[in-house]
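Peer 1: Convert by adding 728 to the 1-based position in the sequence shown; the result is the number in this note's numbering.
For the record, the hints were derived by calculation from the structure and aren't laboratory data.
None of these values were measured; they are calculated from a predicted model.
Errors might be hidden in some of the hints.
Pairwise CB distance ranges (calculated) [claimed, not checked]: (1) Leu759 x Asp806: 47 to 57 Å; (2) Ala1128 x Asp766: 55 to 65 Å; (3) Leu759 x His886: 50 to 60 Å; (4) Val770 x Ala1128: 38 to 48 Å; (5) Ala793 x Arg978: 21 to 31 Å; (6) Leu1110 x His785: 41 to 51 Å.
Where is the CB? At the ideal position from N, CA and C, for every residue including glycine.
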Amino acid sequence: MRRPAYPDVAGVLVATGALCALWPLAAVPALGACLLVDRRRVLAAVATLLVGLGVGHLRVAALDADPLAPRVGHAVVDAPVVVEEAWHGSGYGRIALGRLLGPEGGPVLLRIAGEDGPARGSLLRASGALERPRGPRDGFDETAWLAHQGVHAVLRLHAVEVVGRRGGPLGLADRLRAVAEAALEPAGTGDRRAVVLGLVLGGSAGMSRSGVEDFRASGLAHLLAVSGGNVALLLALVVLLVWLCGGTRRLAMGTGIGAIALYTAVVGPAPSVLRAAIAGIAGCVAWLLGRPRDAWRALGLGLGLLLAWNPYSVFDPGLQLSFAAVAAILLAVPRVPRWAAPLAVTAAATVATAPIAWWHFGRATVLAAIPANALAAPAVPLTLWTAVAAILVAPIAPAAGAGIAWCAQWPGLWILLCAGWGARLAAARPA
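Input sequences plus hints: build the corresponding full structure.
Peer 2: What follows is the structure, encoded as structure tokens:
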């Protein structure tokens, strides 16, 4: 049996080293992996493991810090706050991660009543109650979920005044997201528009509770979380456009790297987005260097970088579902005929993620998810590509952009219908 090359295990070694910051016993399999590498690269493997361990310890210490502890339980009046992500949630309130600014500031979960709050990147003068997150309730532990993101306090907003926008690269990304959202305004109303926005920018904000439940029950909720599929479709569109314009392969891949980086900044750094972006950029770089693209190496690299940045993300259902789905696809698709590849992708991802979904959410919709995903699959690239075209055209020709955005709602409607059919199929089977 051939010993694995160092690049085969580099990402896994970084990931395992980072996990040692949480579980010291993870060092045992990590050292075993080092010994499997070619003897000439053992020292490099051990050094990679130690880098992951060092970065992981630093990040865990930073995430465990609670700078707002002295202020919890007190009212906050006219405090400077920045909204760091798009609002999400359904029902009568919204939540978003933010930050209290100033020497006594720190990360905080913002909670606001109503259908939406100030746009991502807004600088606020806010008043409200600073409190601890909720404990376990209805199977969800808000305290643990936020602690894994380095957040230990919740600011329940009572009064908000927008006083500006953050600047720099993050401010530019905020403005680009606002442009994208404005360009997709003509993409229907209600759940139709929410599906289009969810496919392009992620999230289910603006979708009705029944619509959100249909996507969950049918196994189509992954479509509303930007991940590898979105990045792959975006890259395919960029490469096609460059080639149609007479560009070279190098220009296409270089443009693709830029498009992925820009898309990640606009959408936001969720684990699934970062994993997909890292894997996509790694594939483009491998192609530019003329080396065989190794999807497993790219997957390992994405896992290593994500866990080094936040070892707690190993508990994140989104990260677990994302990596399990991609690994299953990589295992299954090469073993089936080309004509069966689309069905194999759906079946492999659904079966691999079912145990994880059951563990975290108490249900696994295998029987409903496979037909629902197969029926919705053709409409996903149509919706995404049409919406991206609308975003690109709208600043130059607003009327044409509005027309293209209007067209995006129709494949989005088909996905919405598939979610409803899948939910009814899931409800028809025995509990």
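Peer 1: The structure should be examined with respect to each hint, and the outcome stated for every one.
Peer 2: Hint check:
{"no.": "1", "hint": "Leu759 x Asp806: 47 to 57 Å", "result": "holds (54 Å)"}
{"no.": "2", "hint": "Ala1128 x Asp766: 55 to 65 Å", "result": "holds (57 Å)"}
{"no.": "3", "hint": "Leu759 x His886: 50 to 60 Å", "result": "holds (53 Å)"}
{"no.": "4", "hint": "Val770 x Ala1128: 38 to 48 Å", "result": "violated (59 Å)"}
{"no.": "5", "hint": "Ala793 x Arg978: 21 to 31 Å", "result": "violated (44 Å)"}
{"no.": "6", "hint": "Leu1110 x His785: 41 to 51 Å", "result": "holds (46 Å)"}
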